[in-house]
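A.B. asks: Here is what each chain is made of, one letter per residue.
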Amino acid sequence: MKKFLFKRILQSIITLIGVTIIVFCIVRLSGDPTNVLLPLDAPEEVRIQVYKHLGLDKPWPVQYLTFITNAVKGDFGESLRWHVPAISLVIDRLPATIELAVVSAIFSLLIALPIGIASSIRPGSILDSLGKTIALLGQAIPPFWVGMMLILVFAVNLNLLPTSGRGEWKQIIMPAITIGWFFTASVMRLTRSSMLEVLRSEYIKLARIKGLSELFVVGKHAIRNAAIPVITMISLQFGAILGGAVITETIFTWPGMGRLMVEAIFARDYSVVQAGVLVFATLFVGINLCVDLLYGFLDPRIRYEER
Amino acid sequence: MVSPEIEQVTTGSKGIFRRIISRIRTLPTGSIIILVLVLCGAILAPLIAPAPPAKIDIRHSLRPPIWEDEGVPGHPLGTDDLGRDILSRMLYGARISLLVSICAIAISGSLGTLLGLLAGYFGGWYDSIIMRVTDTFLSIPFMLMALAIVGVLGPSLTNIIVVLGITNWAKYARMVRGETLSVRELDYVRLAEVAGCSHWRTSLYHILPNVANSLIILATLDLGRVIIMESAMSFLGLGVQPPNISWGLMVAEGRKYLSVAWWYVTFPGVAIALTVLGGNLLGDYLRDILDPGFRKA
Chain B
1 MKKFLFKRIL
11 QSIITLIGVT
21 IIVFCIVRLS
31 GDPTNVLLPL
41 DAPEEVRIQV
51 YKHLGLDKPW
61 PVQYLTFITN
71 AVKGDFGESL
81 RWHVPAISLV
91 IDRLPATIEL
101 AVVSAIFSLL
111 IALPIGIASS
121 IRPGSILDSL
131 GKTIALLGQA
141 IPPFWVGMML
151 ILVFAVNLNL
161 LPTSGRGEWK
171 QIIMPAITIG
181 WFFTASVMRL
191 TRSSMLEVLR
201 SEYIKLARIK
211 GLSELFVVGK
221 HAIRNAAIPV
231 ITMISLQFGA
241 ILGGAVITET
251 IFTWPGMGRL
261 MVEAIFARDY
271 SVVQAGVLVF
281 ATLFVGINLC
291 VDLLYGFLDP
301 RIRYEER
Chain S
1001 MVSPEIEQVT
1011 TGSKGIFRRI
1021 ISRIRTLPTG
1031 SIIILVLVLC
1041 GAILAPLIAP
1051 APPAKIDIRH
1061 SLRPPIWEDE
1071 GVPGHPLGTD
1081 DLGRDILSRM
1091 LYGARISLLV
1101 SICAIAISGS
1111 LGTLLGLLAG
1121 YFGGWYDSII
1131 MRVTDTFLSI
1141 PFMLMALAIV
1151 GVLGPSLTNI
1161 IVVLGITNWA
1171 KYARMVRGET
1181 LSVRELDYVR
1191 LAEVAGCSHW
1201 RTSLYHILPN
1211 VANSLIILAT
1221 LDLGRVIIME
1231 SAMSFLGLGV
1241 QPPNISWGLM
1251 VAEGRKYLSV
1261 AWWYVTFPGV
1271 AIALTVLGGN
1281 LLGDYLRDIL
1291 DPGFRKA
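Protein chains in written order, with this note's numbering: chain B, 1 to 307; chain S, 1001 to 1297.
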């Protein structure tokens, strides 16, 4: 178990380092930051001064080390627009994004899991066809379009739900459906196929032969075993949920991190973009790590397979 | 593929004619029709578009589709805020969306295949390093990388193709590596190596054709995904830029007029959904007939 833990943590750190390298390289490749900070007609000496001040005259590895040490401390520089530390802007918006992501995930799972399980118990039934259709549509229809259609139907025509802001429970419904749409389809599909595979296996046959009620067989044995790939997929899809949050926050004017990033990109606010990307990445890697550990905990085979 | 005995029972004979008929019956006709329509629309856009896509006509701005009261005959699906025809813009937008997607898939497919072949064929250090890099890329969510890259390099048509290309190669690499590893053990590949074929020759002529099946399936299934990603980026303003047209961009432009012009947002979105659906169904069908043991990486 300890070896598994160690290995996973190591992988997560490597991934994070990979992300920092990518971010660092891209920012350095994008050109001279002094162009952004200084007016175009600034004299050469001022430029050289700023260059030295920002440490840009040092070799890249040294710059990277400075970047990393600062990043770990949480220092990404100041936002060019608001003149506050970039990290504070990101941290302010983080709870809103997390709230949206979590609500969407729970909402989707509440729909996807029951339908997925039900359609696997009775393949070919009407429920199964319904499930398959939802899965197909869910993976084909772009999430931002779903958001717009929801607004069109529920806000414009029926005037039932508000289109923006955060605070009331009503305001989170449409954004949550928008993000959860794709996720629901994927989870449903995977649950169904995973359950189908499990239901065919030997130990299920044994449970049935033993005379256990169908409810017990499915509820206790089948679901537990089928849950494993689903949990793995949920953690993989979390990245997609965070990505979807970017779009959804833009549509519904949700005060979250995603919208901040998009605005920062348009305003060429590099420090905020860097801070946002790294917080996003840390969050993503962290959640993956937790889910993997949970997975190792749930499936004893994983724990003891590491020789 | 069903065995000849089963085929005889279900279709009445083992003949090749019957086999063709039963194959045709299971074809995903819907998705093929959709994709052919989209392709034709894109290629023939200059010929079949009702009006030039950039032609501004303020007199007819924000007109609904032709079946509604205020619809104008020359604009079957309505007009946008500048009086430009929606259908024409959709047809030209199809060109760009398809162009971006196909180029992106070509880039990620080639890059991924090359790296996957290298990793699988040579093994050892190459394999370990390439797999580490692949895993890192696979574990980073697309939006994260796209935001980082576009956020700093700026949005443009070439940039979005590049972003889509380099964020997507990892799954091709992983799949090709897996297939290469198993194909490498086949008798005739071993024979080729022993007979003195150079590494290039073996991999190109012997290994690659076996991998091609799975590559085609993966690329087809990827088409839908890439189109959605491109339209999402364009929607945010980080992808295709005006005056170029993209379906995602049209949805973004229509957002301002959502309460007064439902057609502006709806039709491009339907186009995206149908194209992606077509791609997914076709990919599923190909997976069923080409390689039932296929597992996405």
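In case anyone wonders, no lab produced these hints; they're calculated from the structure.
Check the hints yourself; a few may be wrong.
[As the list claims (entries may be wrong)] Think about it this way: if two alpha-carbon atoms lie no more than 25 Å apart in a straight line, the pair counts; the simulated DSS-like pairs of lysine-lysine are:
#1 B:205 with B:220
#2 S:1171 with B:170
#3 S:1171 with B:7
A.B. asks: What's the verdict on residue 1171 (chain S) and residue 170 (chain B), does the C-alpha distance respect the 25 Å limit or exceed it?
C.D. replies: This hinted pair is violated, its Cα atoms lying about 39 Å apart.
A.B. asks: Is the Cα-Cα distance between residue 205 (chain B) and residue 220 (chain B) 25 Å or less?
C.D. replies: Given pair residue 205 (chain B), residue 220 (chain B) holds - Cα atoms ~14 Å apart, limit 25 Å.
A.B. asks: Does the structure keep residue 1171 (chain S) and residue 7 (chain B) at a Cα separation of 25 Å or less?
C.D. replies: Given that 25 Å is the threshold and the Cα spacing comes to 22 Å, the pair holds.
In summary, the structure is inconsistent with hint 2 from the numbered list given earlier, while agreeing with all the others.
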